[in-house]
Amino acid sequence: MEGYSRKDVGCPQLLDLIPKEKEWLVKSAEETNHGLSEEKKLELRLGPPGGDWTFKQICGPTNESLLFFGFLPNTTAGATTTTSPWQHQTKASFFSLMEKESCRMVELQGAEKKVFSPANTAVPNSSSAQKRTAPAPVVGWPPIRSFRKNLANGNSSKLSSELQKDFSQKPIENCPKNKFVKINMDGVPIGRKVDLKAFHSYEKLSSAVDELFRGLLSAQSDSSTNGIKKEVEGEKVISGLLDGSGEYTLVYEDNEGDRMLVGDVPWHMFVSTVKRLRVLKSSELPMLFCGSKPGRLSLDRSI
Amino acid sequence: MQTDPNPKKSKDSPSNSDSTESTQSASPFPDDVLGKVLSFLNSDKDRSSVSLVCKDWYNAERWTRTKLFIGNCYSVSPEIVATRFPKITSVTLKGKPRFSDFNLVPQNWGADVHYWLVMFAKVYPFLEELRLKRMTVSDESLEILATAFPGFRALSLMSCDGFSTDGLKSVATHCRNLTELDIQDTDIDDFNGGWLSCFPENFGSLEVLNFASLDSEVNFDALERLVSRCKSLRVLKVNKSITLDQLQRLLLRAPQLMELGTGSFQQELLPGQFGDLESAFSNCKNLRTLSGLWEVTSVYLPVLYAACTSLTFLNLSYAALRSVEFGNLIAYCPNLRRLWVLDTVEDKGLEAVGSSCPLLEELRVFPADPFDQQLHRGVTELGFVAVSRGCSKLHYVLYFCWQMTNAAVATIVQNCPNFTHFRLCIMNPGRPDYLTNEPMDEAFGAVVKTCTKLQRLSVSGLLTDLTFEYIGKHAKNLETLSVAFAGSSDLGMQCVLEGCPKLRKLEIRDCPFGNAALLSGLEKYEKMRSLWMSSCNVTITACQQLAREMPRLNVEVMKDKESDDSQADKVYVYRSVAGPRRDAPPFVLTL
Chain U
1 MEGYSRKDVG
11 CPQLLDLIPK
21 EKEWLVKSAE
31 ETNHGLSEEK
41 KLELRLGPPG
51 GDWTFKQICG
61 PTNESLLFFG
71 FLPNTTAGAT
81 TTTSPWQHQT
91 KASFFSLMEK
101 ESCRMVELQG
111 AEKKVFSPAN
121 TAVPNSSSAQ
131 KRTAPAPVVG
141 WPPIRSFRKN
151 LANGNSSKLS
161 SELQKDFSQK
171 PIENCPKNKF
181 VKINMDGVPI
191 GRKVDLKAFH
201 SYEKLSSAVD
211 ELFRGLLSAQ
221 SDSSTNGIKK
231 EVEGEKVISG
241 LLDGSGEYTL
251 VYEDNEGDRM
261 LVGDVPWHMF
271 VSTVKRLRVL
281 KSSELPMLFC
291 GSKPGRLSLD
301 RSI
Chain A
1 MQTDPNPKKS
11 KDSPSNSDST
21 ESTQSASPFP
31 DDVLGKVLSF
41 LNSDKDRSSV
51 SLVCKDWYNA
61 ERWTRTKLFI
71 GNCYSVSPEI
81 VATRFPKITS
91 VTLKGKPRFS
101 DFNLVPQNWG
111 ADVHYWLVMF
121 AKVYPFLEEL
131 RLKRMTVSDE
141 SLEILATAFP
151 GFRALSLMSC
161 DGFSTDGLKS
171 VATHCRNLTE
181 LDIQDTDIDD
191 FNGGWLSCFP
201 ENFGSLEVLN
211 FASLDSEVNF
221 DALERLVSRC
231 KSLRVLKVNK
241 SITLDQLQRL
251 LLRAPQLMEL
261 GTGSFQQELL
271 PGQFGDLESA
281 FSNCKNLRTL
291 SGLWEVTSVY
301 LPVLYAACTS
311 LTFLNLSYAA
321 LRSVEFGNLI
331 AYCPNLRRLW
341 VLDTVEDKGL
351 EAVGSSCPLL
361 EELRVFPADP
371 FDQQLHRGVT
381 ELGFVAVSRG
391 CSKLHYVLYF
401 CWQMTNAAVA
411 TIVQNCPNFT
421 HFRLCIMNPG
431 RPDYLTNEPM
441 DEAFGAVVKT
451 CTKLQRLSVS
461 GLLTDLTFEY
471 IGKHAKNLET
481 LSVAFAGSSD
491 LGMQCVLEGC
501 PKLRKLEIRD
511 CPFGNAALLS
521 GLEKYEKMRS
531 LWMSSCNVTI
541 TACQQLAREM
551 PRLNVEVMKD
561 KESDDSQADK
571 VYVYRSVAGP
581 RRDAPPFVLT
591 L
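Line order of the protein sequences matches chains U and A. Residue numbers for the first sequence follow the working numbering, so the first one is 1 and each next one is one higher. Residue numbers for the second sequence follow the working numbering, so the first one is 1 and each next one is one higher.
Hints listed in this document are in silico derivations from the structure and should not be mistaken for laboratory results. A couple of the hints might just be wrong.
[Claimed, not checked] Straight-line C-alpha distance at most 27 angstroms; calculated BS3-like pairs for lysine-lysine:
{"hint": "1", "chain 1": "U", "residue 1": "K182", "chain 2": "U", "residue 2": "K204"}
{"hint": "2", "chain 1": "A", "residue 1": "K67", "chain 2": "U", "residue 2": "K149"}
{"hint": "3", "chain 1": "A", "residue 1": "K449", "chain 2": "U", "residue 2": "K149"}
{"hint": "4", "chain 1": "A", "residue 1": "K87", "chain 2": "U", "residue 2": "K149"}
[Unchecked claim] If you anchor each label on the Cβ, the simulated ranges turn out as follows:
{"hint": "5", "chain 1": "U", "residue 1": "F180", "chain 2": "A", "residue 2": "P150", "range": "30 to 38 angstroms"}
{"hint": "6", "chain 1": "A", "residue 1": "K559", "chain 2": "U", "residue 2": "Y202", "range": "28 to 36 angstroms"}
{"hint": "7", "chain 1": "U", "residue 1": "Y202", "chain 2": "A", "residue 2": "G204", "range": "16 to 24 angstroms"}
{"hint": "8", "chain 1": "A", "residue 1": "V37", "chain 2": "U", "residue 2": "F180", "range": "49 to 57 angstroms"}
Glycine included, C-beta positions come from ideal geometry on N, C-alpha and C.
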């Protein structure tokens, strides 16, 4: 597998070889994709100039770990340049992919071989939202339009999370500067969107919600068409969103489709998993815990 | 569109003998007859041919052309178009290079429709239709569109950007005769759903309404009333905010629908509601296309069964269905011609397709998790083979997978030799045949040798120059070729440029093709719409040489920040009669 310099790939990631809950897995020959012998699998080789395309594998530990090297192959098909066709004049960066059932592709760079110490990188401890030290993907590859990526992630994260309980993050192509999520409030038919990256704490989010909806809520209480009774009169501050003390409570839908109470996890973790927000009436909160599907809440979305 | 600034003066009419009496050519047809005949011509290719016959025919053609198709908005200018064609009522404009879909083109690159609209407002007051693809459209432009053309009827925006729901408000408010509002694959500033409420209460002419790619909730009452009023509505694609019970109410209002895009399918329904939804679907006797189905779960799929028998196009690419539930659904769809799915259906699901859909012509399998570095689930070569066995009419495939073999592809094209569009994406770059470890050259060799009608090809996997030799030698009808992470040397690209006579669009990324390859296509590029080369081995000097020797080509280079000065990281070459573009942003170097 060739590596190639992608300028937008950041620093190579380090290998975390120290297993957490998982055990060291040893793969048998059938499970590898390339039908190489056991011996070959464990062999670390440099790709020779003019050599054939071979893939080096190390079958190692869990999927949380990653080893990065860049590989610049020289094919036999008449490449005359001294540097590989894949290498750009500037610095090479590294690209590696992980294999099914955690067989690893290890690629060695012809000229510059870098060795990474299998030091334990700082990995978040919480198992509910553990980020993989995943490789930064190539820009624009696979060639899927961004709207498809977002939609697919929303759906498939449910699937994969059933099988892999430990990590939930998919690598994103580039770090967006905004994260706009929808926020709807009980009793207000039109929703808003907030940029979560503009807030740095739950408190800021809470006061933003108050600002966004205070006016809308009082306007709703004036209308009599929607039959939802409101006892608010005049513009009343929306408070107590986070601790259950107010008339409304802030909940969110995470990337697994589950409805969660806002405030349990560290802010940055919340930002990375939240998909949308809802402001519910606190009096309806008990429904969260005795819905027919555990952890799932169905609300009439026309609210 | 081909413009011909120097139309030939030769005549092909036999009755030339009286030409000494007039300076003008004696065409056998009176002008109005010629005009009448030409008005039947719809194909642009035919019209271009006609315009080259002689000056009379050029003029007759230009006066009778009503539909304008411009595949690259920079190949011609608004002024040239306005001068040549006085009677346009329908315009299709395409802008950015296709790789902009994958974030390879920076923001503000161009393809802004604004100056086109300003010109159209001046010269085409009777404009009725505007279809844009990969263009930047501002709210101001939409305002012009909404107010400058009293007869405006159809707006279609595909993969466009730059506008917000405010722009849509203008359109809804002012376009009294709107029949079509079709917004696809578009990521815009969606402030709120209020735009839909801007359609006047007496407005009822919509036939096509597609707002599936917008996010925010629209006022459902307004939507329901709108749908009731629009008796000719045949295409309705709503967004995710529309719930199942709302959908049911819409279907009751519009049982005549031919194309439906549902909203979100995730909602707890009471048993009565379920039955209502089921009968609403079965009442839609004309339904041919079904899409949307976000978050659909197996529980609700049966409501669709009644509608499935008449379906010809089913788009499940937003629904992460698994093989069993998908298999059950597809069994009800014997008349499908086109199917889009997510790879969550896996090979087993595709086997079901092979056995249930003998009329299938198009299949697209999208990856649910394109960055999945772990499991590589999804479909394999087996699913593709299974479909090819059962669906001999298959001619269009887009297939994302993690593994493939040469043998499988050879089998596939043997089963389906009529491929016109073969787009295979093996998602790990440079992947060999996973069984033999050989390059995938023979796979694509088989494709081009067997599928003589092939128009479009996307290659992937580990490929040497041999693949391109095959392509150049056999793909005589190839018009569009997409290449990524493939090839070994300049020879590959040269083979394609020398060998494919009908090549129009060539897009290449991350391949070891360099200056020699680029320059070997000197003569060729004028016959093509465009060439894109990024992250290859091309230098600025070579691009300058190309620009010098071919003045009717625009050669544009974009550099990445960290690369050294001589590298041309992104090269975009296209023919143009309008000269270098004047709106190029600073990061685009025009050579």
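Evaluation of the provided hints:
1. K182(U) to K204(U): holds, 16 angstroms
2. K67(A) to K149(U): violated, 35 angstroms
3. K449(A) to K149(U): violated, 34 angstroms
4. K87(A) to K149(U): Answer violated: K87(A) to K149(U) is near 42 angstroms, above 27 angstroms.
5. F180(U) to P150(A): 30 to 38 angstroms: At 37 angstroms between Cβs, range holds.
6. K559(A) to Y202(U): 28 to 36 angstroms: Taking Cβ atoms as reference, K559(A) and Y202(U) lie about 43 angstroms apart, which means the hint is violated.
7. Y202(U) to G204(A): 16 to 24 angstroms: violated, 48 angstroms
8. V37(A) to F180(U): 49 to 57 angstroms: holds, 55 angstroms
Against the hints set out earlier in the document, violations occur for numbers 2, 3, 4, 6, 7.
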